[in-house]
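Residue numbers (our numbering), protein chains in the order written: chain A, 40 to 336; chain B, 17 to 534; chain C, 103 to 420; chain D, 163 to 509.
I should point out that these hints are in silico values taken from the structure, not numbers from a laboratory.
Virtual Cβ for every residue (Gly too), placed ideally from N, Cα, C.
Accuracy of the hints is not assured; some may be wrong.
A short, non-exhaustive set of chain A residues, derived as facing chain C with CB atoms under 8 angstroms [what the hints assert, rightly or not]: (1) Ser50; (2) Ser145; (3) Thr149; (4) Lys161; (5) Gly163; (6) Gly167; (7) Ser171; (8) Val282; (9) Ala284; (10) Ile287; (11) His299; (12) Leu303.
Derived coverage of chain D by chain B (criterion: at least 3 residues anywhere in the stretch with Cβ under 8 angstroms from a Cβ of chain B; other residues may be distant) [as the list claims (entries may be wrong)]: (13) 251-259; (14) 392-406.
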Amino acid sequence: MDEILIATLRSGTPLVYAALAGVIAQRAGIWHLGLEGLMIAGACATIVGIVLTQSVLLALIIAIAVCMLGSALLWLVVEKLKANQIIAGLGLTGLGLGGTTLAVQSIFGTQAAVSAPFGLPKIGPAFGPFESLSILALLMPVIVFLVWVMLRRTRFGLRLAASGEHPFAARSAGVNPSTMRLAALLIGGVLCALAGAELAAGSLNIFAQNMTAGRGFMGFAAAIFGAGHPIGAACAAMFFAVVGAMGIRAQIVFGDHIPHELLLSLPYIATVIGIWLSARLRGGTKALTGFGELRDQ
Amino acid sequence: MESDHETLLKCRELTVRFGEVTALQDVDVSLEANRIHAVVGQNGAGKTTFARVVAGLVRPDKGEVRMNGSAIAPGNVAASRHSGIELVHQSFALPPSFTVAEAMQFGADGGGLYSRSALERRWQSHLDKLDIQVKAGQRIRDLPIESQQAVEIARALVSDAKLLILDEPTAVLSPEGAARLFDQVRHLRDRGVTVVLILHKIREVLAVAETVTVLRGGLCVAGPLETAQIDSERLSELIIGSSSDELDDEDRAALTGAATPAHLHAAQTSEGIPVLELKNVSTRRDSDGPGLDSIELSIRPGEIVGIAGVEGNGQRTLVRTIAGLSHVSEGTVGLNGSDVTQQSLADRRSAGLRIIPFERNVEGLSLNSPLWENWSALGLLRKPLFAMISPGGFRRDCIGALESWDVVYADINQRAGSLSGGNAQKLILSREIDEAAKLVIAAQPTRGLDIGATAFVWDALRAARARGCGILFVSSDLDEIFDISDRVAVMVSGHIQAVFEPPFEIGRVGAAMTGAVQ
Amino acid sequence: TPKATAQTGLVALVHTQAAGDAGPVDSMISKLKLLAEERGLQTREVYAQDPATYETIFRTLGDAGAAVVISTFNEVAEPFKAVAPAYPDTKWIQLFGDPFDPPIPNVVTVSYDYYLGCYLSGIFAGHVSKTGKIGFIGGISIPPINADFNALKAGVLSVRPDATVTAAFAGSFQDPAKGQEIATQMFSDGIDYIQTDAAATDFGIITAANEAEGRMVSALDPAQFPLGPSSLISIVGLDFGVSLYNETQKALGSDWQGGTHVSTGIGTGVIDFILSPVFQEKGPADVIAKSKEVWPTIEKAKAGILDGSVKVPFNTVL
Amino acid sequence: MESILSGLRAAVFIVIALLLCGVIFEIAGYSAPLMFESILDGAFLRRGALEQALRWALPLFITALGVVISFRAGYFNIGGQGQFYMGAIAAAFVAEWLKGSPAALVIPACFVAGMAGGALWALWPGILRIKSGADEVITTLMGNFIAAFVLVYVTAGPLKDPSGSGQQASSRPLDAAYRISNSLGLSPTIIIIAVLAGVLVWALLNRTSFGILAGLSGRNPTMVEWQGARVWRIGLASFLISGALAGLAGTIELMGPNGRLAGGFLPGHGFTAILIALVANLSVLGTAVAALFFGGLASAALFLPILAGLPSAAIDIINAAISLFITAKSGFIDRVARLGKGQWTKS
Ligand SMILES: Nc1ncnc2c1ncn2[C@@H]1O[C@H](COP(=O)(O)OP(=O)(O)OP(=O)(O)O)[C@@H](O)[C@H]1O
Ligand SMILES: Nc1ncnc2c1ncn2[C@@H]1O[C@H](COP(=O)(O)OP(=O)(O)OP(=O)(O)O)[C@@H](O)[C@H]1O
Ligand SMILES: [Mg+2]
Ligand SMILES: [Mg+2]
């Protein structure tokens, strides 16, 4: 049983990091659909970094730098060029997925999965059965708490929220909402890098193309489901992980009777239900970014 | 002008253009320290723009702002705040989901990390010092408008403000509320804060300000003048300028708030069936504020009923209820003698209901759509959803209607958002006031309009009354309400506190607005 | 010009499954590269993700005067039938396909009986599993993968009728994290032998097996041996690369015979059930001993399949 | 004028996107000039390129028309992909059931089924959005993932082709009589359907109350509500029509070039359709032009790895870069475009 718990924690951790990135962006007024792309970039950069530098720390730094660069690009396009957040975010995701494939191809001359000799440090025997979890999994609750503190207990967090909720109020207090969004996206970039690092180097130590497999989108959904609150979003992300684990369980137990595809769709179905529930409870999950205005650019 | 006060704020040649519009043109103003200054002007005169330039929110195309003799970096809020300038906005700028304490904290210096209780203690004491009766833990969106304004003022005073600019602070207040605000302003002045009040009622200027500066069409036409040396006649001339000839005295007084119009015109309403009859109507509380509480109201054909009251006392819910956009939990809504409580807005519109909504740019128009589409919406809705239509026909009808309502526009396909406020409102009038109109709800129909446009709207409503329409006129401006209404109902917290017949007395109506039972 | 290219010999591989699978596609690509080096060929690898594009791709290659076009899996059969006759100078090779009826003179089809390897894995699993619980993790539940599972199950049950064989799918051939999660659940359920069939997803399955002792995985590719020194016990090898190499060599030669079908499987070296030499050194001694002990059974089954005395059902429905 | 402006803007940002790709490619060690040359070659210049471009452009055009309708109505339905799948699946089922009946019956029935399938897959996100306010971006995106699994399920399950070795994850091939084009995918029937769809959608948007009201409520639903409209009907109708068009495109792919359902069927199609609609600034005519451009790009995508030796991820990167920039605005371009024309379009 411990093991299933560990596996679920393991699969939930990247989702939580991605969800936190989504929450921070959402607070600052950005509907961040580039999470998937940043996450795969983080995963790729971590593994490639380890292979090339033989150092986890350097690899993490590279991953964080890459994801921050991607975030800055998104900021540039969305804030400075006023592009639509959703389309630009999806574009960033595409860039991440295509770019990592290309990077692997051009560095290693093949698209084969890249495996690293080692990955993130493990938390070690002091934690008993949990010893095989990576430090990022251990740190996850701490980071959730830190993000919560940042958003709910610092002036920076208030300014971030004001920039998202009422940019004019922020401006009249001398806060530049655009700069705050950059900060939010950059912090989100760091978190996406961690999400990717945990996914690829938490225990697998491998990078395969498209290995995020929609986890970034689920992180985004968790951010919405969690009502833009870091703890809520983290719970939602863990909930998705649990649903995924239950789907596997169901495949093992009922696989002969229920189509596997239905069970594999469970996380997506759960996401839809989650979005629907949170809309019911809170009266709409709609971003206030004037989609009808797309026509009027 | 000799005086023993030092100059605190000095603006030189401020010029601001927004595209084609020149909002400010070479404005030179010097304001002395430790006094209460007023800046007046009609809608669109450039008052808000002036305040925003001083506060650093708008970067002027030309000119400079000096505080205590040193120039402030233009268009930089932080620099302006640093030199002691604080602005309280016309429509407040507080994130609704924040608590009062958070709203203060996010603009304040110091203390990056906080605990909720420490934060609330810190700002509660600040509020207490300013004598503002608000709990620091309450959320902005749960506060009544008056408290929100108080919070805005408290927020502006978190740092050590030397110059406090209040942009039309009385627009949302009852006369008593305004009087209390003025007391507080004097109190602040005594504590060494220089106050600039942006106003557009002469009555208020004369009541509180020591000097007055008049803007018209972006120009500074006079001032600062000592209020002690000016009378309301002269001030009203300065504000209105030459266009004042066309207005009758009462309208003119109503427009400048120079004197309370004593509406003597007795209601000449026909007997007939009431066009609107609300019987014991209640609704639940919603995001717009308190729900309606047993509303009894009827409007006869050819009658204008004014709804007075401080904003946020259920006026919006009232309008939405009559429109069928709010769920009625109790009571009945009657239009032309038939019960429409269960009917949709489409049906009510067929029965002759017309609405000039509160938010011209949100509820009234689709700003990015062409004029003719905006105008045709009502006509299109009368057809089946997938009926073939002829846009050419609609365009022609629209051109005809806009012409007869004197709307100035360039092209029938231009965006509604490119119309000036007055013309936009005329477009709405041309759509809503047609032959079949029986009941017209006019919700703040003159808000933000200049004098010509305001007079136009009043005349249009009076003409509709003459044709036998019933009109529900909602406004927070008592002068305007008194000028146009045949009866005035005062709303407080979702119920009708009192109903007045002419002649109206500002004192009694004002008292009713604060909830005092008559 | 197209003709010039044809003389220099453009050899194109159109793979319908993404590269990076640590399996068939990667091995084909590496063998194609090897061939290119050896013979100075101009080569192309084209990933055709979308069935709607196959025909266009083949036509483009034909127009470009490709000498040899190699493609994979059954879904390219129809496009081959449509395109190959129009480009008689190009030689078309379909790896993993059924014979054409009627044959087309410039097309060679190659089929593999991979499921037979899985059957052998099943027999082996039936013997070495301690718990009698065997797992199978596929990428996506598509017919050939389903057939592999059914053969595995038949193999297990043929030697151990009371065993259970459980299938699960990761939903992607590129999701190692999901593979790890599924394998972890299977192992903690008491399953101690998993046959993988999920390309890059396999990496996660092997990782899960490495997390505790007594877990066995049978994978797909010799390159995977070192990843699980004491857990990766065997593979069901399908060397697409070798097959590609052989068929292309033949096609480039002068005595190529088109319009034929090559059926490879057990016994030709292309498909085989192979014990991991690494495991044989580093695995737990008792399992090594056991596997040596049962090996003759495997050999016997193999021979049985080859001489037809053992019939393995090919069933593509779960 | 507006359309020239948006066309110019699209062109400028596509160039910027391609430059970004060029940089990425140079960094990755490929030659950017070669890439651009190959794209041009593959899209338009080589023999038969135009037919190829058209073959991809037509279904993209129809899917993009659906996107135009829902975006105009203010709903961000990015589920064209899933609706496309569901349309094809529904049509494939009907073709299977009616096997042996005359083509004159089967073909129309398949089209009806395909459009209904697409519409139904758009219905549930529409209802969740309109009745509960659940963000349709996420629900339609999840709908795409789920539909992909449904496609796998039906091609390996109920519709699996049992002929041959039965190894294929695809449905039985359609009877030749039911096909509306050969496998190259260009036929008069398909062209007529696309033109008809274009004309009908144009008329729907510009000559019916629905079209004008959808445009108004897309830009400002509150205003339309205050005019007494039941906005949900307009919204739901636009979801349904948009889904039906995607389903129609799926049906065409099934009954035309593909002739059968297979897993991995046109995976990026729905997303490209969004780009097309946006490049076209949601105008029907513009959509036709943009579809041709992206059709060319799609045909170049096949050409790049074959002849230029570039990895196929190149095209993903190009599409992604275009989508990153396609909705961007620039004051500079607007000012240039506005020189010498009436000023009332100030925004
Ligand atoms: N951001 C802006 N963009 C374009 N035009 C603007 C903008 N802000 C103000 N204006 C225009 O500048 C002029 C002056 O506006 P301003 O808001 O300063 O007037 P005001 O005196 O405060 O009016 P009111 O009494 O209605 O508040 C008006 O014509 C207005 O339409
Ligand atoms: N570029 C333009 N092209 C055509 N018409 C224009 C243009 N700019 C403004 N107009 C029209 O000219 C009129 C005057 O515009 P302006 O913004 O100055 O209004 P205004 O004087 O404040 O009027 P109002 O009294 O209605 O507020 C408006 O009706 C507007 O529609
Ligand atoms: Mg103002
Ligand atoms: Mg104006």
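Return the numbers of the hints above that this structure violates; sort them in rising order. Per hint list: 2, 4, 5, 6, 8, 13 violated.
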